[in-house]
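Participant: Here is what each chain is made of, one letter per residue.
There are 2 protein chains.
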Amino acid sequence: MYVVPPALARLVADLNRLPGIGKKTATRLALYILRRPAAEAQNLAVDLAELHAAIKLCSNCHAFSESDPCAICDDPKRDPSIVCVVEEAGDLLAIEKTAFFRGQYHILHGVLAPMEGIGPEEIKVDDLLSRVRRQRIAEVLIATSSTVPGEATAAYLANRLQELPVRVTRLACGIPMGMDIKYADELTLAKAIEFRK
Amino acid sequence: MYVVPPALARLVADLNRLPGIGKKTATRLALYILRRPAAEAQNLAVDLAELHAAIKLCSNCHAFSESDPCAICDDPKRDPSIVCVVEEAGDLLAIEKTAFFRGQYHILHGVLAPMEGIGPEEIKVDDLLSRVRRQRIAEVLIATSSTVPGEATAAYLANRLQELPVRVTRLACGIPMGMDIKYADELTLAKAIEFRK
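These protein sequence lines are chains A and B, in that order. Quick note: the first sequence uses my numbering, first residue 1487, plus one each step. Quick note: the second sequence uses my numbering, first residue 1487, plus one each step.
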């Protein structure tokens, strides 16, 4: 039986560990990398090797950053009195793309998932509470996903923040912009009616 | 405006260069790698850095291999009198998975694409002809894709091989196994009728 060259098999196995990359895609990517000049693979290798050393967590908001505090926390033009709480770094990127939010962030690095043993101690909840206590924060905008764990985390945070003198808000739910009403799912449509304005 | 940390942006750009990996997927993968332990990124980096040095082309069949000749060309149980011609390394893997073909291979590393300047000199055609002349090859099975460039390459190879004392065969075209006739495309169905047996 034919055996894939070990060096190629190792790379396929590595790539296969990434989310959304199955065995077939991993093989296709590895063969592509092999067909391209060695310098490109070296480039990728160097950038991978340097990644964790270059990027740390901002000690204020826990965003990935090369500086501490991060560029957002350090920006005098950002409003430190409103803090947007997100599940992870990708959510921050999505919100920054809108160029609409001018406050600061707080990255939880996860959502509550009791079945998987992820409680408030496993995500940056206490840190958010002490930050609200320590800094002059007027509003906490909870921007966790509108999934079951995202909603549960939002409810938990709202409850914990109740005791503090801070306004707690949540992202609006409703019909996505540009969407035909008849294609909206029932739950979204019901929310859009409930929160009509 | 928020700027992604440079080390992260570099990795996203590298991943974005891979086929089928868009900007969003590249960002998702890079953030995943960043969230995982540094050792995993180091592992991937090492395997990438070593890839091109470890893997060469077999001088006989041009398959990617760590040894020369490759494991297939060197295997006394494989029949050297039948050579299967494929476009690229991924095709060899697909055929090997069937465990049905017991001959050797010849990897073209491309298909004829005159519009893109890829002629017979750019792929391993002359090498195939001289291999057929040099070795006792009884049959050449042309297993290029049933796409327009794949068919053109097959026709070109069949024409060039005509002058040599070798049987030239082509993969059968027809209905894929397990497929309902009514979902087969017209061209495939027409071929299946034409080549009925």
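Calculated from the structure, these hints are not laboratory results. On a predicted model such as this, the values are computed, not experimentally measured, just so you know. Fair warning: there could be bad hints in the mix.
Pairs count within a copy or across copies, as identical chains cannot be separated in the list.
Stated by the list, open to error - DSSO-like cross-link-like pairs, simulated, lysine-lysine; straight-line CA separation at most 27 Å: (1) Lys1583 with Lys1509; (2) Lys1563 with Lys1668; (3) Lys1542 with Lys1677; (4) Lys1563 with Lys1583; (5) Lys1677 with Lys1563; (6) Lys1542 with Lys1510; (7) Lys1510 with Lys1583; (8) Lys1610 with Lys1563; (9) Lys1668 with Lys1509; (10) Lys1583 with Lys1677; (11) Lys1563 with Lys1683.
Participant: Now, for every hint given, state plainly whether the structure supports it.
Facilitator: Going through the hints against the structure:
Proximity of Lys1583 and Lys1509 under a CA criterion of 27 Å is satisfied inter-copy only: 13 Å between copies versus 33 Å inside one chain copy. For a Cα distance limit of 27 Å, the shortest separation of Lys1563 from Lys1668 qualifies neither inside one copy, at 42 Å, nor across copies, at 63 Å. Taking the shortest alpha-carbon separations for Lys1542 and Lys1677, neither the intra-copy value of 39 Å nor the inter-copy value of 60 Å comes in at or below 27 Å. Proximity of Lys1563 and Lys1583 under a CA criterion of 27 Å is satisfied intra-copy only: 17 Å inside one chain copy versus 59 Å between copies.
Taking the shortest Cα distances, Lys1677 and Lys1563 never come within 27 Å of each other, neither inside one copy (35 Å) nor across copies (67 Å). Taking the shortest Cα distances, Lys1542 and Lys1510 sit within 27 Å of each other only across copies (22 Å), while inside one copy they are farther apart (33 Å). For the identical chains of this complex, Lys1510 and Lys1583 are inter-copy neighbours only, at 12 Å across copies versus 32 Å inside a copy, given an alpha-carbon limit of 27 Å. For the identical chains of this complex, Lys1610 and Lys1563 are intra-copy neighbours only, at 25 Å inside a copy versus 60 Å across copies, given an alpha-carbon limit of 27 Å.
With identical chains, the CA atoms of Lys1668 and Lys1509 are never at most 27 Å apart, being 38 Å at best within one copy and 31 Å at best between copies. When the C-alpha separation of Lys1583 and Lys1677 is checked against a cutoff of 27 Å, the pair qualifies only within one copy, where the shortest distance is 25 Å, while the shortest distance between copies is 51 Å. Proximity of Lys1563 and Lys1683 under a CA criterion of 27 Å is satisfied in neither setting, with 31 Å inside one chain copy and 77 Å between copies.
Going through the hint list in order, the structure does not satisfy hints 2, 3, 5, 9 and 11.
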